[in-house]
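Trainee: Same order as they appear, the protein sequences are chains S and R.
Per our numbering, the very first residue in the first sequence carries number 1; after that it's consecutive.
Per our numbering, the very first residue in the second sequence carries number 1; after that it's consecutive.
Don't read these hints as lab results, they were simulated from the structure.
Watch out, some of these pointers could steer you wrong.
Note that the list lumps identical chains together, so a pair holds whenever it fits in one copy or between two copies.
To be verified - Derived lysine-lysine pairs resembling DSBU-like cross-links, with alpha carbons at most 35 angstroms apart: (1) K118 x K196; (2) K112 x K337; (3) K221 x K337; (4) K125 x K196; (5) K157 x K257.
Number of protein chains: 2
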Amino acid sequence: MIITKSRRTSTFMTAEIKVGIVGYGNVGMGVEAAISNNPDMKLTAVFTRRDPTALKVRTPGVAIYPESQAQRHVDALDVVILCGGSATDLPEQGPRFAALFNTVDSYDTHAKIPEYFKALDRAAKKAKKTCVISTGWDPGLFSLLRVIEEAVLPDGKGYTFWGPGVSQGHSDAARRIEGVADARQYTIPIEGAIEKVRSGSAPELSTREKHLRDCYVVAAKDADRERIRREIATMPNYFADYDTKVTFVSEAEMAEKHGKMPHGGFVIRSGGTGQGHRHIVEFSLKLDSNPEFTGNVLVAYARAVARLNKEGQTGAKTVLDIPASYLSMKSPEALRKDYL
Amino acid sequence: MIITKSRRTSTFMTAEIKVGIVGYGNVGMGVEAAISNNPDMKLTAVFTRRDPTALKVRTPGVAIYPESQAQRHVDALDVVILCGGSATDLPEQGPRFAALFNTVDSYDTHAKIPEYFKALDRAAKKAKKTCVISTGWDPGLFSLLRVIEEAVLPDGKGYTFWGPGVSQGHSDAARRIEGVADARQYTIPIEGAIEKVRSGSAPELSTREKHLRDCYVVAAKDADRERIRREIATMPNYFADYDTKVTFVSEAEMAEKHGKMPHGGFVIRSGGTGQGHRHIVEFSLKLDSNPEFTGNVLVAYARAVARLNKEGQTGAKTVLDIPASYLSMKSPEALRKDYL
């Protein structure tokens with residue numbers, strides 16, 4: 001597949017934003033697809049830890065460089081999008097790239113975000129660069145909506161539901177069980193719980209009452225299916241606190257029916273004002289492809305980063321620090337005229 | 001009813017934000033109710049065009065002044081919230097108050113927003129003040145979501161549906177017909193149209209296909225009901241482009257069943273990425289009280305205005321120019337730790 005610009009529209013930024021991708025996995029390819037829908041952007045380079053001569057990317061004319069030599073290309077790029085994982089890639093790549101480039105990433109190890117923010121803020125400020133950390137949809141758009149919803153309904157209660165969608169972490173956990181040849185786990189928000197929240201009753205919901213875990217497993221030949229089922233359902237942290245459904249499928253059925261990466265979810269707040277008036281604010285996503293939508297969000301924040309840096313606003317930022325107008329291709333004047 | 005602070009929580013701003021209300025109608029009272037749920041704010045003054053000695057406000061200890069003498073109280077207030085109407089009040093009050101105070105308003109004459117923005121920007125910059133214009137929920141939160149949704153799904157189509165809720169403008173229009181003693185008009189979004197949008201089919205929808213107009217009318221004694229029904233249904237701009245339902249009710253039924261001001265709506269975008277992957281992003285509000293929720297939004301932006309002005313960011317802004325963190329009582333550090 002060759003990616004070509006699908007539309008040319010007039011944009012606010014006069015010069016094209018030159019974007020680099022670090023790490024060409026699912027999210028990296030999602031970012032590439034996203035750039036093709038943003039006519040003010042150009043994918044200029046891909047940095048990889050694989051052999052650059054062996055890597056094929058979809059967009060024509062893109063340079064492919066070893067990730068270790070990124071510092072040679074500092075002047076060629078307005079922003080790089082870090083598409084590595086949060087466990088081991090980003091803690092090392094984040095501060096290193098923030099000392100060289102404007103960056104955007106989707107760091108999602110929640111407990112370590114303050115520490116990661118500090119490391120990138122220090123590196124970026126020193127280098128007069130701008131970074132947006134922890135964007136995508138959660139953390140990212142969902143974080144933004146949690147804050148907005150609470151600010152406009154302070155006397156209330158907020159809820160986040162995830163899914164229906166594939167959880168990579170839970171799929172991997174199931175795969176580590178002996179006798180499991182392949183596994184795919186869907187996180188399913190429980191419809192009745194969402195309805196209770198939407199009704200304005202502000203329920204207290206346990207972990208088990210909010211989400212169901214639905215696993216599809218290819219068992220190895222002669223594996224003990226009852227043991228696999230039990231080991232999945234009782235696995236601490238991942239499954240024990242949930243109702244978990246395990247369905248055994250053939251390798252063919254897994255490939256045919258469970259190869260997609262849908263996801264989504266809901267950020268809902270229910271609150272009150274005055275004398276017993278109730279209000280529900282809800283934001284939801286229904287995504288066919290988690291990595292491609294994540295790529296789209298990363299690209300919108302890449303635009304913001306390029307603009308913030310041009311204005312001299314350096315250091316680390318999150319989605320909570322960035323006005324919506326910075327995400328748009330359109331000028332503030334055009335937005336005021338047509339979108340307010 | 002006496003309004004007291006419902007909660008005391010630790011807040012980011014060290015000094016309480018002193019707020020003035022200009023115009024004590026439905027929205028003014030909504031703002032007052034909202035302030036009682038925001039422990040970092042204090043309602044300090046109400047400015048009115050009525051006789052100040054005759055006006056009773058719910059919050060104890062609030063000064064009531066003639067609107068015409070607002071300039072005497074410039075040092076006593078961190079921000080004033082303009083609660084007048086867009087037709088005649090705000091075009092005059094907006095620039096006048098922006099030359100004296102930090103202000104927030106809900107100016108909603110869409111076609112004139114660029115002109116109104118310029119007038120307030122000029123006045124506020126000269127006086128080193130900060131204004132947020134056109135906030136509330138539409139314009140306001142819905143505008144914000146229209147821009148965010150488009151930025152993260154540029155290859156797509158956006159829709160705004162309003163209701164179910166009372167439209168003051170349409171109720172007033174129906175009331176002007178001869179023989180109508182009272183009228184209440186509900187704008188109803190057509191469920192089938194919303195479902196089509198949610199399905200990702202990106203339909204073209206006519207005005208008539210998106211909303212229904214549902215009128216409840218108290219007819220004057222001996223009035224010709226068929227003529228009233230016809231005059232409402234065929235009224236240009238207001239009803240002629242819609243399917244309109246007219247139901248005659250008694251005065252008692254009107255008072256009992258149609259005295260509330262519910263509203264709400266949906267901002268939905270459907271778009272694509274990659275090879276035929278579809279995504280739906282949806283934001284919705286379900287509000288028991290339109291003026292009270294509007295008041296809540298105005299108050300969150302009043303906090304932002306006070307902070308922006310302290311930082312020296314002066315002039316006119318819209319919801320599109322303001323980071324979400326500025327709306328929150330919590331510090332950026334606390335938000336990064338708990339909301340990302």
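Trainee: Could you place K221 and K337 in one of the four classes (within, between, both, neither) given a Cα distance threshold of 35 angstroms?
Mentor: neither (64 angstroms within a copy, 46 angstroms between copies)
Trainee: Within a copy, between copies, both or neither: which one fits K125 and K196 at a CA-CA cutoff of 35 angstroms?
Mentor: Neither: 46 angstroms inside a copy, 48 angstroms across copies.
Trainee: If the cut is 35 angstroms between Cα atoms, do K112 and K337 qualify within a copy, between copies, both or neither?
Mentor: This pair counts as between: shortest inter-copy Cα distance 9 angstroms, intra-copy 41 angstroms.
Trainee: With identical chains, the pair K118 and K196 could be close in the same copy or across copies; at 35 angstroms between alpha carbons, which is it: within, between, both, or neither?
Mentor: neither (39 angstroms within a copy, 45 angstroms between copies)
Trainee: What label fits K157 with K257 when the C-alpha limit is 35 angstroms: within, between, both, or neither?
Mentor: between (37 angstroms within a copy, 29 angstroms between copies)
Of the hints listed earlier, those the structure fails to meet are numbers 1, 3 and 4, in rising order.
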